[in-house]
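Asker: Residues per chain, in single letters:
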Amino acid sequence: MSSAPPTALAAPADTPQLKALGGPKPMSSLREAVHFALGNRKLVFGISVTVAMLLFAIVGPLLASHAPLAYGGDLAAAPTTHDGYWFGTTLQGQDVFSQFVNGLRLAFIVGALGGGIAAGIGMLVGFTAGYRGGVVDEVLNMLTNVVLVIPTFALLLVIASYLRVRGIMTESVFIGFTSWPWAARALRAQTFSLVSRDFVDLARLSGRSSWKIIFREIAPNMSSYLFMMFILLFGGAILIAATLDFIGLGPSNTISLGMMMQLSVQNAALQLHLWWWFLPPGLAIMAIVGSLYVMNVGLDEVFNPKLREM
Amino acid sequence: MSLHVEDLRVYYRTLAGDVKALDGVSFDVADGEIMGLAGESGCGKSTLGKGLIRLDGRMRYVGGHVVLDGEELPIWDDAAMNDFRFRHVSIVPQYAMSALNPTRKIGRMIHELLRTRGASGNGVQQELERRLELVGLGPDVLGLYPIELSGGMKQRVVMVISTLLDPSLLIADEITSALDVSTQKAVAQTLVEFRDRGFVKSTIVITHDIAVLFQVADTILVMYAGKLAEKAPAEEIVSSPRHPYTRLLISSLPEVGVRHAEQELHGIPGRPPSLLDPPTGCRFRDRCPLATDRCLQEPPWVEEDGRGIACWEAAPVAPAAPSVLVEAR
Amino acid sequence: MLRYFLRKLFVYGLTFVLAVTIDWSIPHLMPGNPVLTLMGRIQIQDPKVAQQLYAHYMRAFNLDLPLWKQYWYFWVSLFHGDLGTSILQFPSSVTSIIVHAAPYTLGLLIPAILLSWYAGNKVGALAARRKVLDNTVLPLGYALTATPYMWLAIILSWTLAVIWHVFPVGYGYDPTATRGFTWAFIGSLAYHWFLPFMSLFLVSFGGWAIGMRNMIIYELESDYAHYLGALGAPQRLIRKYAFRNAMLPQITGLALSLGTILGGALVTEIVFSYPGLGYQIYRAITNEDYFVIQGIFLFIIIGVLVANFLIDIAYLIVDPRTRTGMMAGGGS
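These protein sequence lines map, in sequence, to chains A, B and C. Note that the numbering used here has the first sequence beginning at 1, numbered continuously upward. Note that the numbering used here has the second sequence beginning at 1, numbered continuously upward. Note that the numbering used here has the third sequence beginning at 1, numbered continuously upward.
Check before you lean on any hint, since a few could be wrong.
Below 25 Å or equal to it, Euclidean Cα-Cα: the simulated DSS-like pairs (lysine-lysine) are [to be verified]:
hint, chain 1, residue 1, chain 2, residue 2
1, C, Lys8, C, Lys122
2, C, Lys240, B, Lys105
3, C, Lys48, C, Lys131
4, C, Lys240, B, Lys154
5, B, Lys185, B, Lys154
6, B, Lys154, B, Lys105
Hint data in this document are derived by calculation from the structure and do not stem from the laboratory. Here the structure is a predicted model, which means the values were calculated and not measured.
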């Protein structure tokens with residue numbers, strides 16, 4: 001689980017994630033990028049798996065024969081082609097396949113929304129701090145540090161446990177509002193390194209407003225970096241959500257992957273060898289998050305020519 | 001004892017093919033000579049500089065010989081070259097300001113480096129301090145971390161380190177590019193001083209800034225698109241360049257005291273050719289005002305009276321408009 | 001250097017106050033009344049008795065006082081070590097619950113964090129050197145770090161405990177064993193500790209290995225590495241410098257990863273019914289035992305802040321640049 005993804009992000013900044021990412025990349029032509037992208041095995045693998053899971057998440061619920069929470073099947077039945085219980089049933093007779101694809105869908109929603117919000121806040125804070133510097137930077141830095149230190153998981157735990165009814169939106173918003181600090185840090189460092197460059201001074205001289213400068217000049221140079229950051233936040237959000245769900249703080253009135261694992265453990269699925277209940281959810285998360293990470297590494301190689309394999 | 005380079009070829013491997021960055025370069029540098037290597041970006045001068053000491057990941061040795069002090073340098077063999085590095089061939093790199101390990105005290109790093117090269121001991125330590133003093137740094141610098149030094153100070157420290165073992169050949173790669181003008185002068189003078197005191201025998205100074213070379217170099221070698229264009233004593237290159245490229249280069253330099261209204265600055269129109277698939281014949285012909293059909297054939301390198309040139313149309317020695325550089329000297 | 005510490009302490013102090021405030025304020029902002037929940041449990045029939053009990057509990061939990069007073073008393077009792085009483089496990093105090101559960105959680109966390117960090121860094125550094133090793137370590141590392149903690153716990157439990165009875169399925173120790181400082185008991189503790197520890201260790205290990213590998217590669221591409229190489233320094237010197245420099249952000253990363261592995265520990269305990277804080281929190285959430293949730297959260301906050309502080313000290317020792325007081329940027 002990652003609120004601070006450990007992987008291949010590097011940049012001349014202080015966190016390990018950032019270190020592996022390198023700096024803002026030169027904007028190579030789109031064609032060149034696409035050519036390299038298609039040739040990069042990691043990227044292709046990562047995208048394929050992610051897209052496959054996404055399609056499964058979109059199409060799956062349409063194929064499911066039963067509602068995720070509906071009872072009626074044989075109790076604790078193994079996977080079978082009979083009656084559409086392709087992933088078998090839970091101890092209470094619910095359709096595991098239906099729950100699975102429903103959970104997949106929720107996972108993508110949480111990832112996109114939670115990751116997106118975290119990326120948005122991270123950009124806001126990071127760009128402003130890096131661009132403005134001075135007092136603004138100090139204050140934002142302090143804020144970032146405080147949110148960073150608070151074990152956000154524990155915080156989420158406390159907050160979520162008091163909410164009676166929880167939705168997937170609420171969960172995503174929570175996750176988004178607590179996982180942005182490391183992104184803000186990374187972006188601040190990148191902005192620092194770009195701000196001193198000439199083209200920014202030029203834009204300043206031409207009288208552009210700060211926000212315009214940030215969005216027109218600085219951000220595009222970091223576009224690859226921003227994208228990779230979003231991918232990591234996406235994966236991280238999925239993991240956090242799964243963990244929260246497992247503890248029992250998942251969205252009410254629906255079933256997510258984490259909740260499937262929770263219910264299976266609660267109902268002694270391990271002892272009863274109901275492997276079809278607890279294996280698929282974790283496997284799916286591993287597949288999605290893992291392929292996202294691998295995709296990230298591939299993207300890094302595409303955008304950073306130095307890493308390209310000869 | 002000196003440096004003799006013969007038909008050196010070093011290419012860069014890329015996914016699209018080989019970039020012929022250095023494509024058959026031959027020259028000599030005598031003992032005590034400071035040779036300037038000039039040319040625009042991408043002409044191959046940095047490749048040459050790096051190739052003489054250490055081929056980096058993408059570079060590929062293709063052919064040619066490098067003979068230093070009568071012994072051939074096995075530049076294609078990274079492990080074998082190690083015996084020559086630092087002791088016989090040394091480099092002051094382009095990135096000198098960040099060439100020191102940021103988390104090690106400078107003295108400690110130098111000591112560890114020397115030890116692995118089998119050159120530690122009291123004698124070296126004293127020499128180190130002596131030379132630091134020479135460039136205007138006290139021995140207390142050794143107890144500092146790189147972050148505590150200014151850019152110029154770090155530059156000087158690196159210059160001292162690189163020449164500590166009195167190499168036969170020193171390669172100075174764009175050492176003034178990142179400095180302000182007054183520091184540039186100081187660094188250039190240090191180079192000359194090192195030569196005068198015998199710390200280094202031959203020096204190759206790589207830069208795109210001919211003005212610096214004029215101050216420091218005995219000979220200037222002008223490169224274009226991976227090949228040699230012209231070689232001559234520094235004063236002559238500036239006062240009476242023969243190769244059309246050199247002439248355009250020199251005339252594109254601004255003159256002090258001359259107003260824009262009186263004389264416009266011209267660049268050289270066009271761009272250097274792609275070295276992935278270089279044109280046949282003279283590589284400058286697309287931009288050369290003197291180009292003829294003869295130039296479709298590659299011009300040979302002709303050396304005479306200490307001057308060398310690769311051009312079919314090389315003009316006879318005719319004084320160009322006196323440039324400010326000559327006046328200043 | 002003093003500035004560095006003062007800055008850190010200020011942030012930690014601020015964070016602590018903020019966290020305590022949040023902790024205190026949430027139950028008051030949320031709908032519902034913990035006392036009513038408690039009453040619901042006890043099920044009094046006589047309304048007059050219920051009324052009295054209600055008033056009693058409201059007083060006992062200070063819920064009859066104005067908000068700011070409650071806030072104040074919260075801090076006061078915090079400093080007295082009084083975190084309230086559990087509703088589920090009434091009349092156990094929250095503090096006693098924490099005191100009994102914490103050693104189990106710490107016993108999992110501390111070895112897992114330290115060992116995975118150490119081993120991950122070492123293996124990551126090795127992988128950066130040898131292509132062969134890299135080809136196994138890299139995919140393995142990514143797979144491990146992408147694995148949700150509870151899922152690995154489930155897999156380990158199912159395969160090693162349920163199917164092949166190599167390890168016990170759960171609990172802190174054998175329920176039939178006599179407690180005490182005997183070898184048998186300690187052995188039982190260790191036996192039950194192993195799988196949860198392994199689960200935590202493996203997932204974290206993956207992350208560190210990958211991080212270190214990338215850091216080393218980055219450092220080996222740095223200017224100082226190139227310079228030393230150009231001067232003929234042997235690879236082992238360059239690698240030594242690269243390793244030492246790569247460790248620095250790994251130390252910072254340790255602090256950043258605490259939240260993650262904490263969550264991991266909590267869910268792992270749930271899978272193994274391991275009697276640590278995670279298990280207690282799980283029960284508290286399921287049974288709406290608010291004071292326990294509040295108390296454990298505070299404990300976690302304090303623990304994390306202390307850990308952060310220790311890591312900051314370690315960083316200070318290891319990175320000479322902080323000592324000269326010349327760190328650029330906001331620092332960590």
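Asker: Now tell me if each hint is right for this structure.
Answerer: Results of checking the hints against the structure:
Only pairs whose Cα atoms come within 25 Å are accepted, and C:Lys8 paired with C:Lys122 is rejected, the gap being roughly 29 Å. For the suggested pair C:Lys240 and B:Lys105, the alpha carbons sit about 15 Å apart, so the restraint of at most 25 Å is met. The straight-line distance between the Cα atoms of C:Lys48 and C:Lys131 is roughly 78 Å, outside the 25 Å bound, and the hint therefore fails. Between C:Lys240 and B:Lys154, the direct Cα distance comes to roughly 22 Å. Compliance with the 25 Å bound is thereby established for this hinted pair.
This hinted pair checks out: B:Lys185 and B:Lys154 have alpha carbons roughly 16 Å apart, not beyond 25 Å. Under the criterion of a C-alpha separation no larger than 25 Å, the hint pairing B:Lys154 with B:Lys105 is consistent with the structure, at around 12 Å.
Of the hints listed earlier, those the structure fails to meet are numbers 1 and 3, in rising order.
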